[in-house]
Amino acid sequence: MDWSIVSKILLPEFIVVFSIILTILLSLFEKTKKYVSAVATVALAIASFVASQTGIGGDVTKILNSAFISDTLCIYLRVLIYGVAALIAMASKKYLDNYESPAEYYPIFLSATLGAGFLAGVNDFLTLFIGLETLGLSAILLASYARKEKKSNESALKYLLTAASATSLLLLAMSFIYGVTASTNFALVASRVAQLQSIGVLSDKLEILIAALLVAAIGFKLAAAPFHNWSPDVYYGAPTTTTLFLSVVSKIAGFAVAIRVFGTVFHNEFLLPLLAAIAVISIVVGNFVGIIQVISRGSIKKLLAYSSIAQSGYLLVALTSLRLESVSSLLLYITIYALMNTAAFACVIHFERETGSDNIFDMAGLLQKKPMMAIVFVIALFNLAGLPFIPAGFIAKFFLFATAFSSGITYAPYLVIIALIGSVVALFYYLYVAKLVIVDAPSHKLQSIPDEGPAFDFTKLTAVLSTALLVIFSVWGMDFLQGMTEMAIYRIGV
Amino acid sequence: MEFLESLSSIPFYVLSVITVLCSLGMILNPNLVRAGFTLIGAFASISGFYFLLSANFVAVSQVLIYAVGIVLVIVFAVMLCSLKDEASKLQEYVFASRSKTVFALVISALTFSLLSFVIQSQDWETITKLTGATKYASVIDMVDEKYTSQIGYLMLNKYLLPFELISILLLVVLVGVIILSKKNISK
Chain A
1 MDWSIVSKIL
11 LPEFIVVFSI
21 ILTILLSLFE
31 KTKKYVSAVA
41 TVALAIASFV
51 ASQTGIGGDV
61 TKILNSAFIS
71 DTLCIYLRVL
81 IYGVAALIAM
91 ASKKYLDNYE
101 SPAEYYPIFL
111 SATLGAGFLA
121 GVNDFLTLFI
131 GLETLGLSAI
141 LLASYARKEK
151 KSNESALKYL
161 LTAASATSLL
171 LLAMSFIYGV
181 TASTNFALVA
191 SRVAQLQSIG
201 VLSDKLEILI
211 AALLVAAIGF
221 KLAAAPFHNW
231 SPDVYYGAPT
241 TTTLFLSVVS
251 KIAGFAVAIR
261 VFGTVFHNEF
271 LLPLLAAIAV
281 ISIVVGNFVG
291 IIQVISRGSI
301 KKLLAYSSIA
311 QSGYLLVALT
321 SLRLESVSSL
331 LLYITIYALM
341 NTAAFACVIH
351 FERETGSDNI
361 FDMAGLLQKK
371 PMMAIVFVIA
381 LFNLAGLPFI
391 PAGFIAKFFL
401 FATAFSSGIT
411 YAPYLVIIAL
421 IGSVVALFYY
431 LYVAKLVIVD
441 APSHKLQSIP
451 DEGPAFDFTK
461 LTAVLSTALL
471 VIFSVWGMDF
481 LQGMTEMAIY
491 RIGV
Chain B
1 MEFLESLSSI
11 PFYVLSVITV
21 LCSLGMILNP
31 NLVRAGFTLI
41 GAFASISGFY
51 FLLSANFVAV
61 SQVLIYAVGI
71 VLVIVFAVML
81 CSLKDEASKL
91 QEYVFASRSK
101 TVFALVISAL
111 TFSLLSFVIQ
121 SQDWETITKL
131 TGATKYASVI
141 DMVDEKYTSQ
151 IGYLMLNKYL
161 LPFELISILL
171 LVVLVGVIIL
181 SKKNISK
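These protein sequence lines map, in sequence, to chains A and B.
Yeah, the first sequence ends on 494 if you go by the working numbering, and it's all consecutive.
Yeah, the second sequence ends on 187 if you go by the working numbering, and it's all consecutive.
Be a bit skeptical, because a hint or two may be false.
DSS-like mimics (lysine-lysine), calculated; alpha carbons at most 25 Å apart, straight line [what the hints assert, rightly or not]: (1) A:Lys-205 to B:Lys-129; (2) A:Lys-435 to A:Lys-445; (3) B:Lys-129 to A:Lys-158; (4) A:Lys-158 to A:Lys-33; (5) B:Lys-182 to A:Lys-34; (6) A:Lys-94 to A:Lys-31; (7) A:Lys-150 to A:Lys-445; (8) A:Lys-150 to B:Lys-182; (9) A:Lys-445 to A:Lys-151; (10) A:Lys-158 to B:Lys-158; (11) A:Lys-150 to A:Lys-205; (12) B:Lys-182 to A:Lys-158; (13) B:Lys-129 to A:Lys-34; (14) A:Lys-8 to A:Lys-94; (15) A:Lys-31 to B:Lys-183; (16) A:Lys-205 to A:Lys-151; (17) A:Lys-148 to A:Lys-445; (18) B:Lys-129 to A:Lys-33; (19) A:Lys-148 to A:Lys-94; (20) A:Lys-151 to B:Lys-182; (21) A:Lys-148 to A:Lys-34; (22) B:Lys-182 to A:Lys-148; (23) A:Lys-158 to A:Lys-148; (24) A:Lys-94 to B:Lys-158; (25) A:Lys-33 to B:Lys-183; (26) A:Lys-94 to A:Lys-33; (27) B:Lys-183 to A:Lys-151; (28) A:Lys-31 to B:Lys-182; (29) A:Lys-94 to A:Lys-445; (30) B:Lys-158 to A:Lys-8; (31) B:Lys-183 to A:Lys-148; (32) A:Lys-94 to B:Lys-183; (33) A:Lys-150 to B:Lys-183.
These stretches of chain A come out as covered by chain B in the derived footprint (C-beta under 8 Å, 3 or more residues) [as the list claims (entries may be wrong)]: (34) 125 to 134; (35) 141 to 147; (36) 177 to 186.
These are calculated hints, taken from the structure and not from any lab test.
By construction, the Cβ of each residue, glycine as well, lies at the ideal position given by its N, Cα and C atoms.
My request is simple: use the sequences and hints to build the entire structure.
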């Protein structure tokens, strides 16, 4: 085994592991506690940069007996995961100061990110399972972090129990796959499944069962309906920084797994209809229940939870037509989704810290009190709705639907039509919140807090940075997409 | 060999009956401590299955980790927390609504029939021939101690990455548990 290659490819992970240990040590002493968030942010930013440099001549490299694969997909997703995690770590600092022990949040946060990073390059069912557990268990701890608040405990317990059942489904699928292929390695599994399918030894019923179990387990991670029931409650109860982490990093990791497992490892004719079905259900549930949330004066976090269920649905539409272009448009969409969700949640974090409320109607008149936050928030909402202002969200949605439409799969056009109807319905609730923020008079909660001063604040910086990145993607989004297709970003190794 | 194979199915059925009875006892027993001890029986008989499949190491770790470790922790937690009132409330809550019980029964019956139907529908003989996996454990394998050393070898070679990842996960879970269970944390 060539350790120089291993250490080169896994350097970002080594940096994150090192920063986990460093943050644990720093959080031991009162004097050094305040540096923990800075260490985490800087380490993640460095890891993101280093990850972009790990490509060895654009080759597909497998290391540690094919437990981890370094291809363009893995490199890109790791850059994205660590980059967005750095933004989230930056946004969390002040919000967490309200809690009893803010410093220890970061080692757990870093390990959850580490799990997500490993999932980007997962190439073995064992690594997949351990990566998912590292991500999941750490995320449960993050959800329960406000341990004196009942809703936080409730959300953590709900997440734990539903995650346990989803994990059991995944393990059942993995044991069936091991049963028919006698291997956990993705490449071996893929070739043996193809071999068995070509001889016709594999029974249809078993194939359907494995596909259904995999879709259910991974659909849980993506919070795709009908496996979404945990997400609004967990998003609502968890500390908002955790909600942001779950809706962005956890989802990117879920799609990394989905692209790899459904695209290369286990593929049969039953899989695509299943994926299409959960895409449609996610779009319908995410958008229509989102409206009910607005009407019933729900929490903004619950609303964004339903929004992210619907966004999962749009991404699954692209996943059903897993071809070269659809993967690159999926990656563009997930990047822009991560940025706009980070911007929106950074505003919610800031708002919640100032007023102690996450109710949609308390956000009324935000523009008069906090103009910068309000503008960033509205831009993020417009992008989530897919309006061409600034056009990043529109570009991403356009290419996502266009590639799905022209994918040649018979039912893909219908999927796109349903997705379009869903986005029109979603316009209502995004714009309703935007109208509250811009037009209405300030709510009582907002009137009681001071006006936005020039004071520097890392949460604001996160919101502004992600919006700036959105602007960059609006200008160069098309070049980015072309570049990804040309640079063979779609080349997923098996 | 035929005779040995047919003989080896007797312990399988015995163990299955014990597992099912113990699991039922665990669920239906209103006393949490007794339920915990029936759980030991269920775990121990499951480890018997691993012995039958000649996975000695897995069988022993099943006994060590589940039958002893986890159940002991559960029983201790129950005894220390004096959950008596809550436990009876929980029991009432679970068994109060007849419709819920029936629903759960229907779901588990459906899951069982689905899984057994699917497993029956697959021709496993051909697959094991193609993939080279062995179906029956031979008697000689059962006393082979090389398997345990092979597991150690594999953990530090082939499965090094998951192995190391677990160590980080354990470290972080320890940190998290300390934070969650600390009594009062000074700011």
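Looking at the structure, which of the earlier hints fail to hold? 3, 4, 10, 11, 13, 14, 16, 18 and 24
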